[in-house]
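*Asks:* Listed in order, the protein sequences are those of chains A and B. Under the UniProt record's numbering, the first residue of the first sequence carries the number 1, and numbering increases by one thereafter. Under the UniProt record's numbering, the first residue of the second sequence carries the number 1, and numbering increases by one thereafter.
Hints are not guaranteed to be accurate.
Which copy is meant is left open, because identical chains are indistinguishable; a pair holds if it fits in one copy or across any two.
Said to hold, decoys possible - When the alpha-carbon atoms are kept at most 25 Å apart in a straight line, the in silico SDA-like pairs for lysine to any residue are as follows: (1) Lys-190 x Gln-85; (2) Lys-30 x Gln-85; (3) Lys-190 x Asp-39; (4) Lys-60 x His-45; (5) Lys-237 x Arg-128; (6) Lys-190 x Ser-99; (7) Lys-196 x Ala-223; (8) Lys-190 x Glu-172; (9) Lys-129 x Asp-234.
Keep in mind the hints are simulated off the structure, nothing from the lab.
Protein chains: 2
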Amino acid sequence: MNLVLGIDGGGTSCRAALATLAGDIIGRGKSGPANIMTDLTGARHNIVEAARLAFVDAGKDSTMISATDAVLGLAGTNVGGYRQQLEAVLPFRRSLVESDAVIALNGALGERDGAIAIIGTGSIFMSRKGAAMQTIGGWGFMLGDLGGGARIGRDLLQEVLVAHDDIRPGSELTHAVMAHFGGDPREIVKFAAASKPADFGNFAPLVFDFAARGDSVGSRVIARAVGDVEEALDALKLEPDQILCLLGGLAALIAPQLSHRYRMMLRPPLQDALGGAVSMAARLFGAPKGGADG
Amino acid sequence: MNLVLGIDGGGTSCRAALATLAGDIIGRGKSGPANIMTDLTGARHNIVEAARLAFVDAGKDSTMISATDAVLGLAGTNVGGYRQQLEAVLPFRRSLVESDAVIALNGALGERDGAIAIIGTGSIFMSRKGAAMQTIGGWGFMLGDLGGGARIGRDLLQEVLVAHDDIRPGSELTHAVMAHFGGDPREIVKFAAASKPADFGNFAPLVFDFAARGDSVGSRVIARAVGDVEEALDALKLEPDQILCLLGGLAALIAPQLSHRYRMMLRPPLQDALGGAVSMAARLFGAPKGGADG
Chain A
1 MNLVLGIDGG
11 GTSCRAALAT
21 LAGDIIGRGK
31 SGPANIMTDL
41 TGARHNIVEA
51 ARLAFVDAGK
61 DSTMISATDA
71 VLGLAGTNVG
81 GYRQQLEAVL
91 PFRRSLVESD
101 AVIALNGALG
111 ERDGAIAIIG
121 TGSIFMSRKG
131 AAMQTIGGWG
141 FMLGDLGGGA
151 RIGRDLLQEV
161 LVAHDDIRPG
171 SELTHAVMAH
181 FGGDPREIVK
191 FAAASKPADF
201 GNFAPLVFDF
211 AARGDSVGSR
221 VIARAVGDVE
231 EALDALKLEP
241 DQILCLLGGL
251 AALIAPQLSH
261 RYRMMLRPPL
271 QDALGGAVSM
281 AARLFGAPKG
291 GADG
Chain B
1 MNLVLGIDGG
11 GTSCRAALAT
21 LAGDIIGRGK
31 SGPANIMTDL
41 TGARHNIVEA
51 ARLAFVDAGK
61 DSTMISATDA
71 VLGLAGTNVG
81 GYRQQLEAVL
91 PFRRSLVESD
101 AVIALNGALG
111 ERDGAIAIIG
121 TGSIFMSRKG
131 AAMQTIGGWG
141 FMLGDLGGGA
151 RIGRDLLQEV
161 LVAHDDIRPG
171 SELTHAVMAH
181 FGGDPREIVK
191 FAAASKPADF
201 GNFAPLVFDF
211 AARGDSVGSR
221 VIARAVGDVE
231 EALDALKLEP
241 DQILCLLGGL
251 AALIAPQLSH
261 RYRMMLRPPL
271 QDALGGAVSM
281 AARLFGAPKG
291 GADG
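Construct the entire structure; sequences and hints are all you get.
*Replies:* Written out as structure tokens, the structure is:
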């Protein structure tokens, strides 16, 4: 067998790519969510289905799955036990299950040193220097994910209630949000009680939009988020000549707000996270010496 | 019938007091939770049971409940509909359902003008000047309750993760909390996902304790909470000669931290919330002119 699989699984879908040992992708497949924390059996099913579709897409016999090595990047791997449980039931010849951030880092940086900041609904920061990796954040909406969209949305809604109570002045943004909720603060409280992080995150682009037009509350919320991102980057202790890639749904909105120092380090990612998983698989399992055993 | 009922219902218990038209309490009763948002039928049951026990305690015939007027202070009355639904099924002759904060204000201030700040797991602020009442806060753990114990606990746990990631320096307090969770930040994330506001609030006394001993993170968290309380008090626009009562489980810990201006206004409450409900009932239903109809 001279092929490898890269797999990128998340809460909404699972993507697989079949590639040569040189890392050239020859087939792709996509299936449903692969959340190993909430549904391990369903995640396994969708991982295998995406891999099967990648074989079909490449015109290859999908029964060869059991003879193929795979690198998987999945959300939730840092919570104890799930990763080992999944590795035990995967049908591939050899499997390496990593976090979604690790394959994103490998995709963005290739084999270079540097750092990534993934800023979407949540936030996580990673750096690599040789074999040394450092991860910051990624602790989720309630206590972490600082600078991410969900925290921006939550911060906004808190500011709307604070303005409603005349504790601090409101702005066009808080008035617009209050109008969106029919002028009733209790509707905001009900929304918050029923919402997932992504629902809060849906407000983030609006906040950037108002902040760009000088809205006082919007500017305060964004300044706080950007400050949180910068503090996390500071903790990575990057050298000025290092590469920094901003990834995730808010990357393009956060990037122009960063301080000069970090803007100078920004480079576009080489590949996406799936490409990172493929590259890792080719490097790990395709090397002439036989590669590692995961 | 020359008796009135005051009732104080909350998430853990319901208390009733039977009183003369002059407001003198002659019997008391206590039953289970009266949370009208989560269990209206159960709340009605416990309200009636507490009232019945108050009649028994006073040596009175409890079938007289249907001939007795009542003032009830209950959590959750500001969320649309529950209050009207409850009033429709109560067995008293006339019923006035108010928020728990309104009866607390009447208990603390009597008939005087002034303000209260209830700071326990959550936070809410109210002032009265003649017939005019103003309420600030009370929007719950996710977006409000600033300065309350649950927000203090949540803020602490966020600081512990931030210190774990070396984003900001830790302290004896963050080390103690991390040790409490076995040194594993994922245990903190799991705790947060499974916890109710009161669980977060359980950390608040610890934060005050460390802050009093000069702990840097503890002091920062408490300073933020006290700042939030002061901002809310500022929004009530109190005059220097007005009375301010601090109520709730954290009142004694917050009071010494307030600025001189507010410390000078502090007075002990005249009565607790149940006493406030009784006074309101006596005033409203016991007046010779027959009182209001609720």
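*Asks:* Hints first: check each against the structure and report whether it holds.
*Replies:* Results of checking the hints against the structure:
With identical chains, the CA atoms of Lys-190 and Gln-85 are at most 25 Å apart between copies only, with a shortest distance of 19 Å across copies and 37 Å within one. Taking the closest pair of Cα atoms, Lys-30 and Gln-85 come within 25 Å of each other only inside a single copy of the chain (23 Å); across copies the shortest separation is 50 Å, beyond that limit. In the homo-oligomer, the alpha carbons of Lys-190 and Asp-39 lie at most 25 Å apart only across protomers (17 Å), although the nearest pairing inside one protomer, at 28 Å, exceeds that limit. For the homomeric pair Lys-60 and His-45, the shortest alpha-carbon distance inside one copy (20 Å) is at most 25 Å, but the shortest distance between copies (68 Å) is not.
Proximity of Lys-237 to Arg-128 under the C-alpha cut-off of 25 Å is restricted to the intra-copy arrangement: shortest distance 11 Å within a copy versus 53 Å between copies. Taking the shortest Cα distances, Lys-190 and Ser-99 sit within 25 Å of each other only across copies (18 Å), while inside one copy they are farther apart (34 Å). Proximity of Lys-196 and Ala-223 under a CA criterion of 25 Å is satisfied intra-copy only: 24 Å inside one chain copy versus 30 Å between copies. In this assembly of identical chains, the alpha carbons of Lys-190 and Glu-172 lie at most 25 Å apart only when taken from the same copy (22 Å versus 38 Å across copies).
In this homomeric assembly, Lys-129 and Asp-234 come within 25 Å of each other (Cα to Cα) only inside a single copy, at 15 Å, whereas the closest approach across copies is 51 Å.
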